[in-house]
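Residue numbers (UniProt numbering), protein chains in the order written: chain A, 1 to 304; chain B, 1 to 181; chain C, 1 to 327.
Do not take every clue at face value.
[Stated by the list, open to error] Only part of the chain C face toward chain B is listed, based on derived beta-carbon distances under 8 Å:
1) 13
2) 39
3) 41
4) 89
5) 149
6) 153
7) 198
8) 199
9) 203
10) 207
11) 209
12) 213
13) 279
14) 280
[What the hints assert, rightly or not] Rough simulated footprint, nothing fancy, chain C against chain B, three-plus residues with beta-carbon under 8 Å:
15) 16-30
16) 47-53
[As the list claims (entries may be wrong)] The calculated lysine-lysine pairs, modelled on DSS-like cross-linking and capped at a C-alpha distance of 25 Å, are:
17) 80/A with 265/C
18) 156/C with 80/A
19) 80/A with 324/C
20) 251/A with 18/A
21) 84/A with 324/C
22) 323/C with 84/A
23) 138/C with 132/A
24) 156/C with 84/A
Note that these hints are calculated values from the structure, not bench results.
All values reported here derive from a predicted model rather than from experimental measurement.
All residues carry an ideal CB built from backbone N, CA and C; glycine is no exception.
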Amino acid sequence: MTLANMQLTVGPNQFFWKAEDWSALYDDLANAPVSRVVLGELVCSKRLPFYQDAILPAIETLMAAGKEVVLTSLALVTLKRELKATAALAEIGVEVEINDLTALAHLPEGAKFSVGPLVNVYNEGTLGWLAKRGATRICLPPELPLSSVEALCQAATDAGIAIEVWGHGRIPLAISGRCYHARMHGRMKDNCLFACEDDPDGLEVDTSDGTPFLSMNGVQTLSDSCASMAHQVEALSEAGVSSLRLSPQSKGFVETCVQYRQRLDGVIDADTLSTELVRVSGGMRLSDGFLTGARGADWSGKAA
Amino acid sequence: MDHFSEAPIPRFPSPLARALRFMPLAPVSLALTRLTRNMATRHASMFRRLGEHADARFLLDPTDLPVTLCLEPMQGRPKITLYRSPPQADARIAGPLAALIGLVHGAYDGDALFFSRDLVIEGDTAAALALRNAVDDAELDIATEIENLSGPFARPLHKLIELAERRTGVALTRHEEDLLW
Amino acid sequence: MVMEIVCPAGTPAALRAAVKAGAHTIYCGFADETNARNFPGLNFSREEMAEGIAFAHARGSKVLIAINTFPRAGSENLWHAAVSDAETAGADAVILADMGLLAYAANNHPNLRRHLSVQAAAANAEVINFYGAEFGIKRVVLPRVLSVQEITAINKETDIETEVFVFGGLCVMAEGRCSLSSYATGLSPNMNGVCSPASHVEYIEDGGALSAKLGGYTIHSVGEGEPAPYPTLCKGCFNAGDKSGHLFEDPVSLNAEQLIPQLAKAGVTALKIEGRQRSRSYVAQVVKNFRAAVEAVDAGRPLPEGMMARLSEGQAVTTGAYKKTWR
Chain A
1 MTLANMQLTV GPNQFFWKAE DWSALYDDLA NAPVSRVVLG ELVCSKRLPF
51 YQDAILPAIE TLMAAGKEVV LTSLALVTLK RELKATAALA EIGVEVEIND
101 LTALAHLPEG AKFSVGPLVN VYNEGTLGWL AKRGATRICL PPELPLSSVE
151 ALCQAATDAG IAIEVWGHGR IPLAISGRCY HARMHGRMKD NCLFACEDDP
201 DGLEVDTSDG TPFLSMNGVQ TLSDSCASMA HQVEALSEAG VSSLRLSPQS
251 KGFVETCVQY RQRLDGVIDA DTLSTELVRV SGGMRLSDGF LTGARGADWS
301 GKAA
Chain B
1 MDHFSEAPIP RFPSPLARAL RFMPLAPVSL ALTRLTRNMA TRHASMFRRL
51 GEHADARFLL DPTDLPVTLC LEPMQGRPKI TLYRSPPQAD ARIAGPLAAL
101 IGLVHGAYDG DALFFSRDLV IEGDTAAALA LRNAVDDAEL DIATEIENLS
151 GPFARPLHKL IELAERRTGV ALTRHEEDLL W
Chain C
1 MVMEIVCPAG TPAALRAAVK AGAHTIYCGF ADETNARNFP GLNFSREEMA
51 EGIAFAHARG SKVLIAINTF PRAGSENLWH AAVSDAETAG ADAVILADMG
101 LLAYAANNHP NLRRHLSVQA AAANAEVINF YGAEFGIKRV VLPRVLSVQE
151 ITAINKETDI ETEVFVFGGL CVMAEGRCSL SSYATGLSPN MNGVCSPASH
201 VEYIEDGGAL SAKLGGYTIH SVGEGEPAPY PTLCKGCFNA GDKSGHLFED
251 PVSLNAEQLI PQLAKAGVTA LKIEGRQRSR SYVAQVVKNF RAAVEAVDAG
301 RPLPEGMMAR LSEGQAVTTG AYKKTWR
């Protein structure tokens, strides 16, 4: 696979945005150099009513612009209303990306689906089992090292499915039953007053001596750093990865998509891309350590 | 959230500890080395459990005694050396003698002692953990091990243990998992 | 029926202690990365496992083998061998999390009972039934994100036995879906069977204050005489916005002893104790307490007084997600 053949997928927005900002993102993405857009609520079912009505128009806009459109399931399904929402996904008629296995239980036997990064696909056995169930594309968990990506790409080729990797964005590290935003504000989850809405890219969590470390997004915990495969796309392409997943952020996201496209097309190099990513985002720290580093937080590019 | 109080761990009586300051260390070191070598033969799996840490140097520091033990497992040919001022090592485990011996005998839980800060771990935490786990599995009984010991090295240890047992209430024989709290 | 006490054993000595203390069932793992407590000096060789199982069976206890990490691509044979060796050793069940491994075990070892590990984070009846239909699991260990009401509802909608954690370390995140540890250290529960590994922990004593770092990140710092919890990442003390403190979870451990009657009413089959990394004395003590508690509940007597605080992390306990206010 050549670099220029690598596609870009936009992952579901992980954060809680106002409905108009949410819609504006997808209007803008209609004209961005991306092939696939996964949308819908991934993190917290309580957010959905605020922008639910904007979802269908967004799907129409993106489809009209020639994008493949996919709906995500929730990452953790426990409540009754969440079970209902998950069951309803299968009936909308758009391809579903499962991010909790509960969603798969509702898909009709033999239906095609894709698998998101929050489903644990660590090995050939699981990949093969999902492929047999109808998976056509798997976005691998962000914590996988390059050696696993290579082995899984091989298995995916044999099974005739596509592999995507986490290409850009704060990394989803954990999901919980507890809402940390609510807890921090001294509220219970059921009465959270949507504290997470104030942090469109998550709330930075520092160590007690001031080192940026994580970010908080309701029931989800992400990395502080923004993963970027700027320096890794050649290795990923060689391994057989067919698509990079870019995760939405509040500042400069469409520009970010354009720059990744330019990187894949050989217009700009890794350092230029990295510099641009930091600039348009307003100073995010970058990392790519899960793939080749000693740990997830490491960055193989130049120090900022 | 509930907080609970706890029974204190006995401390080695300080007059006795002071007396130890004048004890010649070399014969005791030799005796302890002999003791641990005997244990190594009888509990080979204990040293296997150390895995990659079988070449580490451990400082066992009874904080109520004026001496520190340096344990070198040396792949199952262990050596113990006593020091008044401790050398460099990979890991240091420090606490009252009763806590250290109680750990060996399964009377205390290492994590619990650590949470309550009765036990301090420094240096290579993984090595210290491996030693703790290996010792916990071996179901050692120091008193029995000493009884099995003969020859010139046995005497100073016998005397020391006898003294300590009489005067401190420290757990010197293995408990069948009956706890001290 | 008396609820089943499922007790951890990190070493053969702990297994024997648990059996003697009255554990109905003991769970343990092989000494490699196939199990989620792959800690230095812990776990069982093949030979030790067979001996341990024989010891337990002779005294009427069962042994479950946890093979609950996610097999590494290119090395699945290591995990396949573990399943096969578990059957050979006479295990009463294996505890699995990975879909591929579940499928492998169901196809190749159909007579070996399969439990779904908490690492699979199966948090509702539909997905539990799905695992039952696809992989023939007989029991699920429920994730520690559910309330007693939700557990009751799950049991109404599934025939698969449920097992819940009642004591020990508490994961605040959905287990099996957390990469915090590998982000900071490169080693994760899912891939390496360790969380916040000791090899990456550094304690720094500074004039009575003790600070603990993990992979270079300061997790917490405690003053002289204050309890010093292990620097588990999610229980650290952090700053966010204008707040600082234990933003994810306090350094507490779970003690749901008082909820046993409610859990029994909720239809739970087995009560699980966390702590394969703990000593044999811990294991014996906790088992004795819980065995007495389930016997009391079964006989309709009040619960005996709890006395396990000393064993708890940071010496403070919580009932966790079982009470809804935890969220």
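Taking the hints in turn, this is what the structure says about them:
1. 13: Holds, about 5 Å.
2. 39: holds, 6 Å
3. 41: Hint holds; residue 41/C Cβ to chain B Cβ min 3 Å, cut 8 Å.
4. 89: violated, 17 Å
5. 149: At 22 Å from the nearest chain B Cβ, residue 149/C fails the 8 Å test, so the hint is violated.
6. 153: violated, 27 Å
7. 198: holds, 4 Å
8. 199: holds, 4 Å
9. 203: holds, 6 Å
10. 207: violated, 14 Å
11. 209: Since the shortest Cβ distance to chain B is 11 Å, the answer is violated.
12. 213: violated, 11 Å
13. 279: holds, 4 Å
14. 280: holds, 5 Å
15. 16-30: As far as the segment 16-30 of chain B goes, the hint is violated, because 0 residues have Cβ atoms under 8 Å from chain C.
16. 47-53: holds (count 5)
17. 80/A with 265/C: Since the Cα atoms of residue 80/A and residue 265/C sit roughly 21 Å apart, the hinted pair holds (cutoff 25 Å).
18. 156/C with 80/A: holds, 14 Å
19. 80/A with 324/C: With a Cα-Cα distance of about 15 Å, the restraint between residue 80/A and residue 324/C holds, given a limit of 25 Å.
20. 251/A with 18/A: Given pair residue 251/A, residue 18/A holds - Cα atoms ~14 Å apart, limit 25 Å.
21. 84/A with 324/C: Holds, because 21 Å separates the two Cα atoms, which is no more than 25 Å.
22. 323/C with 84/A: OK: residue 323/C and residue 84/A at ~24 Å, within 25 Å.
23. 138/C with 132/A: holds, 23 Å
24. 156/C with 84/A: holds, 17 Å
Comparing the model with each earlier hint shows violations of hints 4, 5, 6, 10, 11, 12, 15; every other hint is respected.
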